[in-house]
Amino acid sequence: MRVLVKALASTTFKVLKASLVEFPSFNGQCVSYAVLQYPAGTVNSPHTHPRASELLFLFRVSLEVGFVDTTNKPFTQMSGPVMCLCFPRDLFTTSTRRIPLLLHWPSPLLLASVLELCRFLPLYSTLASLTESWRKSFKTDSATIEKLKAGLAH
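By full-length UniProt numbering, the letter at position 137 of the sequence shown is numbered 137, and the numbering carries on one by one without gaps.
Check before you lean on any hint, since a few could be wrong.
Said to hold, decoys possible - Below, simulated SDA-like cross-link-like pairs (lysine to any residue); rule was C-alpha separation at most 25 Å, straight line:
hint, residue 1, residue 2
1, Lys-17, Thr-70
2, Lys-136, Ala-150
3, Lys-149, Phe-138
4, Lys-136, Gly-151
5, Lys-139, Val-43
6, Lys-147, Asn-44
Unchecked claim - Label pairs and their calculated CB-CB ranges:
hint, residue 1, residue 2, range
7, Pro-39, Thr-144, 21 to 31 Å
8, Glu-146, Thr-48, 14 to 24 Å
9, Pro-24, Lys-139, 35 to 45 Å
10, Thr-144, Asn-27, 41 to 51 Å
Bear in mind the hints are in silico, worked out from the structure with no lab data behind them. Where is the CB? At the ideal position from N, CA and C, for every residue including glycine.
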């Protein structure tokens, strides 16, 4: 993680991980940590976290985040600096950055009651922004994304 101190701004989305490989003492603790670097206009493609919830600490400006809940309803929110976000495990999540951003992403298993945080971090339904994130992630047009969202509504 020390490379971040003097690092130049990244031109692509990058993930710098600290996990069992880098820190053998994490063995058996289900702990991981990553720093996500978001240059302007980049997307963290839609993904899930099948083994644990995701806890994001935002530093420096904002990030547009979203997820699809268990009833297939999509939600997004523009999150500001110095915020903490929690995405429950197994949900389809995505995030987009319009200007440069640095995130710190520790494993939520560091906190015993991480799922309790989710009650205090509501995400609001603003589907227009989700369309842009999905369009970039899937490398397709907005009409195709609208069809996908319509399918999620049923």
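Task: List of violated hint numbers, smallest to largest - done: 1
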